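Put together the whole structure using the sequences plus the hints.
2 protein chains.
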Amino acid sequence: MALVVQKYGGTSVADLDRIRHVADRVAAGRALGNDLVVVVSAMAGETNRLLGLAHQISKTPDMREMDSLASTGEQVSAALVAMTIQALGGKAKSLLGHQVRITTDNAFTKARIHNIDNSKLLATVQGGDIAVVAGFQGIDADGNITTLGRGGSDTTAVAIAAAINADVCEIYTDVDGVYTTDPNICPAARKIERISYEEMLELASLGAKVLQIRSVEVAMKYGVPVHVRTSFSDKPGTMVVGEEGLEAVVVAGLAYDKGEAKVQLVGVSDRPGVVAKIFSLLAEKNVSVDMIIQSPSRGGGNSTDVTFTVAKTDLARVTDLIESQAKEFGATVEYDPDIVKVSVVGLGMRSHAGVAAKVFGLLAGEGINIQAISTSEIKISCIVAAKYTELAIRTLHEGLGLDKSTVVEQ
Amino acid sequence: MALVVQKYGGTSVADLDRIRHVADRVAAGRALGNDLVVVVSAMAGETNRLLGLAHQISKTPDMREMDSLASTGEQVSAALVAMTIQALGGKAKSLLGHQVRITTDNAFTKARIHNIDNSKLLATVQGGDIAVVAGFQGIDADGNITTLGRGGSDTTAVAIAAAINADVCEIYTDVDGVYTTDPNICPAARKIERISYEEMLELASLGAKVLQIRSVEVAMKYGVPVHVRTSFSDKPGTMVVGEEGLEAVVVAGLAYDKGEAKVQLVGVSDRPGVVAKIFSLLAEKNVSVDMIIQSPSRGGGNSTDVTFTVAKTDLARVTDLIESQAKEFGATVEYDPDIVKVSVVGLGMRSHAGVAAKVFGLLAGEGINIQAISTSEIKISCIVAAKYTELAIRTLHEGLGLDKSTVVEQ
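Line by line, the protein sequences give chains E and L.
Note that numbering that gives the first Met the number 0 has the first sequence beginning at 0, numbered continuously upward.
Note that numbering that gives the first Met the number 0 has the second sequence beginning at 0, numbered continuously upward.
Mixed in with the good hints there might be a few duds.
Copies of the same chain look alike in the list, so a pair counts if it works inside one copy or between any two.
[Claimed, not checked] Derived pair list, reagent style DSS-like, types lysine-lysine, alpha-carbon separation capped at 30 Å:
id, residue 1, residue 2
1, LYS109, LYS90
2, LYS58, LYS119
3, LYS90, LYS58
4, LYS90, LYS284
Everything labelled a hint here was simulated from the structure, so no lab data went into it.
These numbers come from a predicted model, not from an experiment.
So this is what it looks like as structure tokens:
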């Protein structure tokens, strides 16, 4: 008999038929003798409907009220799922953020969990009920309702699993696991059986959408085994676990992210402090800069070119700033939104030095020019023209042997 | 400067346009220098939509889950109203049942308020915010969400007004006050300027729908002045107040209720205990019997006829019981659902003995047969055939002088 947390996303509770399917699955888990905590998202589309109402009222609605509004989506799902389990003969009780006592900071719309009181949850399951918890929501120290940001129900589920020391946290989603890369652009993509927290975190950060980044951080911090799987079948999905239990592979997966734009300042006067000034001004505006490259200017002379990438969503907000700075430094500005960041992730790269060279060689072999590179211990990211996205991913997927399982001895 | 509670019903917050209208009205109240607590219902139709989902899942959904589900309707309205007030430049904060700490018993779907903690409400208005409270909801001692039953937001508003010692509780509704009778069937009906709690309670109990009965009880208990008015204009409506401040009228208003059915047991053996047995069996089934008349049987002999009325909604549930009892007592059963209870209410009836005679005379004058009568200190109710509803109401309205204001000296 195990203590299991199951999380069902918006498509899994999209309507009463899907909810019935969830209740069947929950009943099956219960029939195995497991104690269950079920975390649910809002019915697909509901959060957008509610936020749409808010944005009809104001372009900048109050964030405290946004959270009180948006949290009703999960409250509705939780009650409906509990009722459906009961209608099938099971015992269930819905619990909201303030009933469990999931306390967070007061950063409305993107709050972080401070603490989860496990007493109500444990009392509920020990009383023979399935606890159906509304995901995505908590309360701050003053009792205000907060939400955890998009995908926050993943984090609710993993944090609850940590708080009650569950045996596993099952994340039910509309894909059947974590893939070596996006199967939509690379048909050879393979479902990964087991992946480490670190690799999952890099993949999630680099554009893979299957898990909220924060939920992976929490899982890693507390060592919660996470099982990413689909509610549409009984097939096992992908286990996200600590690296102790893993056979290391050189490359676990590939991610890509079209969300960045490239900015190039051409012909910046090469004086100390100039580059620092640009980036400190961007930081003041809360703009995260991802990659930065400084190189001798194409224009020659005593000047440099500075290239960096920012999120496309931030670009519009800061073009005035960038242009006034460029003018001050005697530079011209070029923008390129048509780029993609292609990333290779794998724990084995720590001990295998040749991966970067192989990646560059594979891309060069297809005539794909690399515009910028950044690396970490377990990741290599390259900026290339967006039109090469599919070609780059397929070339790397095959060239790095991801179409077969590539276990390495370390 | 006054402390005012305003309650807006579902039609007043039916869509974003109507909500904007509420926010304008609230802003106008604030501009007068008043401190405001605004209580809101769910957007019209929303509660039915949510309960409809529940009833698709089960004919008898769990009532705890029903309350958690249904309470989201008011939560959404409260957030949207607060946002709209803010968008118009005001300061506002939504508060839910668990945030105010409106504690109730645990009779889900029809809970009664035990206590309202006024500290959060007073802190909110003293901090310069308009408190926008989700009506209809509270929490029980275990933190479960409860609801107060249909029309419960009226009770929330009046109970809050009592808890914070407000100067007045304004109930905004889709009619502009309490009328001497239903204007839809009696065009001469007149808006009442002031009415006593006792009279309002009788009218509400006897079929007038303008205020939830429970809210009038709370207003009477705590002496909260209630102003029933419309949000569609600035006209004053009806003040519901203690009788001290009132000029007594003989008859304040007329109500009618088509919700009852008549049951007649013809030829019951006239033995002691027979009638008691019938009604104790009905009581065991939780069926409220309104009027009871026992008379010598039409069939003659040593038997009686027993006539009583029950709610139409209860009748179907107990016909088997009634018929088996009738058989046992050698009686036959006749049902008549086509009846109406017409009631005359007024404090002045305490000291004016002639009202009953006048009522009977007026009905007789139109050839309307009275099938049953019940009276209290301030009320006379008559059962007549349903087809006479309009005629009876119009005849009594004119004959008792309700078309003009009839102040009496006591």
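Going down the list of hints, with the structure as the test:
{"no.": "1", "hint": "LYS109 <-> LYS90", "verdict": "between (33 Å within a copy, 23 Å between copies)"}
{"no.": "2", "hint": "LYS58 <-> LYS119", "verdict": "between (38 Å within a copy, 29 Å between copies)"}
{"no.": "3", "hint": "LYS90 <-> LYS58", "verdict": "between (43 Å within a copy, 17 Å between copies)"}
{"no.": "4", "hint": "LYS90 <-> LYS284", "verdict": "between (51 Å within a copy, 28 Å between copies)"}
This entry satisfies every hint, going by the numbered hints stated previously.
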